[in-house]
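*Asks:* At position 152 of the sequence shown the residue is numbered 152 (my numbering), and the sequence of numbers has no breaks.
Take every hint as true, because none was put in to throw you off.
Computed list of lysine-lysine pairs in BS3-like fashion (alpha-carbon distance at most 30 Å, straight line):
(1) LYS116 - LYS504
(2) LYS411 - LYS399
(3) LYS289 - LYS211
(4) LYS411 - LYS504
(5) LYS374 - LYS289
(6) LYS387 - LYS289
(7) LYS116 - LYS195
(8) LYS528 - LYS85
Hints listed in this document are in silico derivations from the structure and should not be mistaken for laboratory results.
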Amino acid sequence: MKNKFLQTLIVSLFAFSFLMGQASDTPNMLYWIGGKLNIKLNGGINSSVGIGSGSGVFGGMISPNLNYGSTSLFSNPAELAYLKKANIFFESKLGAGISNMLSQSDMKKQTTDMLKDTTTFIFTPGTYRKDMEIGEQEIAQVGGLAALTGAIPFEDYFVLGGGFSTPVDFSSDLLINGISTDLASSKIVAENETKIDIILKPTILAITKLKVNRVSYGLAREVMNNQQGQVAVGFTVNRYDIRNFINLDLDFQGMVVLNNLNEYYFNDVNDPSIDPAKNESNNLFFRAKGNYRDTRVGFTLGANYNPANKNNWLSRFNFSLVYNYNPNFVLSDNSALMESYQPRFMVGRFSGKGDDKFDVAIDSMDLAKPNLTKPTQNYFASEVLIKMPSTLTVGVDAKFGKHNVSLNVIKYFNEMSYQFDRYKIGKDMSLGIRGGADFVFPEELKGWSWALLPIRFLYLDLDGFIMQLFKKYTSYENPHYRFYGGMSFGDPIVDGFSDKDTRKSLRDMMDLPIPAEFALARQYTIMKNINVGVMVFGFPDMFFRFSLGYNI
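Let the sequences and hints guide you as you build the complete structure.
*Replies:* Quick look at the structure:
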């Protein structure tokens with residue numbers, strides 16, 4: 001998949017790639033300088049608000065025994081009913097990242113493959129080439145507030161909760177500059193051959209952002225508590241605000257040179273041969289921009305049952321049933337636009353098909369004004385369609401002494417997909433499964449608890465270790481260590497991509513099970529009422545997350 005990304009990046013985004021579909025006019029590439037690639041991916045999918053409670057787009061773990069406090073609002077609102085005190089909670093993300101996702105050898109290989117494409121140009125072996133260099137590259141999680149929740153019990157009647165979270169926060173920035181190439185051809189006029197050099201120095205900037213904010217309000221109540229067990233029910237109303245920003249800017253600096261003498265520049269406002277009064281232009285660029293947004297409301301219904309009779313072996317189990325309705329989103333921007341110019345010796349449109357297919361006709365070039373350009377009418381979609389599946393989750397908790405094991409089975413309704421114009425990618429979700437375990441460690445460092453230190457080091461439990469050493473002052477207690485994971489299954493959705501290899505690569509990727517939630521997390525209590533949670537590692541949550549919950 002990485003090679004396909006590189007191939008698409010080089011072949012599709014390089015500025016001169018619009019010289020396609022030529023036959024007799026295929027130019028020779030006299031040299032190739034690859035420039036420098038800078039790419040940065042920020043943010044990601046936040047699926048574990050509450051140290052695993054499952055606030056994100058994949059469902060997450062539902063487990064009333066894991067003590068999520070007011071963050072249960074995002075997973076199973078029925079669990080709010082078990083709060084006996086008011087609770088407030090906040091979670092933050094640590095800014096961190098990794099680099100070196102692309103290597104110079106990858107760029108060299110993909111450049112070699114691209115230069116073999118004789119349908120676009122002819123690159124003679126031995127011609128000067130300099131492969132694209134890799135500049136700044138990073139996959140990072142942006143630090144900041146991830147969630148804020150609160151809940152208040154009203155005696156024995158009900159518990160009211162509310163909160164804010166950001167399930168998705170993703171952005172990508174791509175910049176390619178320093179590319180330079182010379183495409184040479186010729187035109188015969190009155191039996192005289194004119195040598196033509198098209199020298200291009202493009203700069204490519206692509207910025208995309210996708211952010212989902214959610215505000216939730218919930219209510220829960222215990223409806224039964226007797227010898228037959230405990231039953232709690234709850235519901236949450238979720239208001240989603242989704243924004244998708246797209247900005248593409250391809251600036252083509254360059255010129256047409258005739259017979260190595262006369263130079264005609266693109267994007268030259270001082271060119272005396274260009275007459276704007278006659279609608280003449282030498283602009284050469286491609287710009288597209290859209291800021292799409294939609295707001296919709298969904299809801300969550302939850303129930304929890306515990307056979308409370310202590311003489312019954314079933315009392316160690318908890319059973320949960322949760323239905324989560326997610327609406328479909330139609331993000332719109334009526335002012336979204338694409339503005340572009342192309343040389344007049346080019347016909348059709350870059351995105352055209354059939355008779356409107358893009359082509360180059362060197363023979364139609366006006367040698368008196370070879371840098372003349374014309375505006376194009378490329379369509380830019382005013383809507384983005386995002387679909388998220390609704391879910392029905394059945395959860396079971398089993399206690400083994402102080403420890404707990406959880407299992408969730410999820411049935412998905414509808415697909416998970418992203419569609420822009422005719423391009424659509426996603427997965428027709430069918431089934432998901434989550435599993436996790438929670439272990440309670442000793443509160444004091446003595447005896448066999450020293451043997452657990454390697455596990456605590458795995459969880460990067462330095463803060464907990466310090467709190468435990470000063471237990472006299474911190475009242476350190478109730479340390480939990482958790483791991484959990486899950487997968488989601490379904491059929492791939494890939495539509496609108498004309499290139500066969502691209503379709504196959506995307507389908508192969510989307511056909512794989514989606515790792516919905518994997519994490520190492522821990523939690524402990526200090527000062528009797530403060531719950532400290534740390535997610536050491538997670539996927540797709542990525543890196544370090546820290547939370548505090550306070551019982552008032």
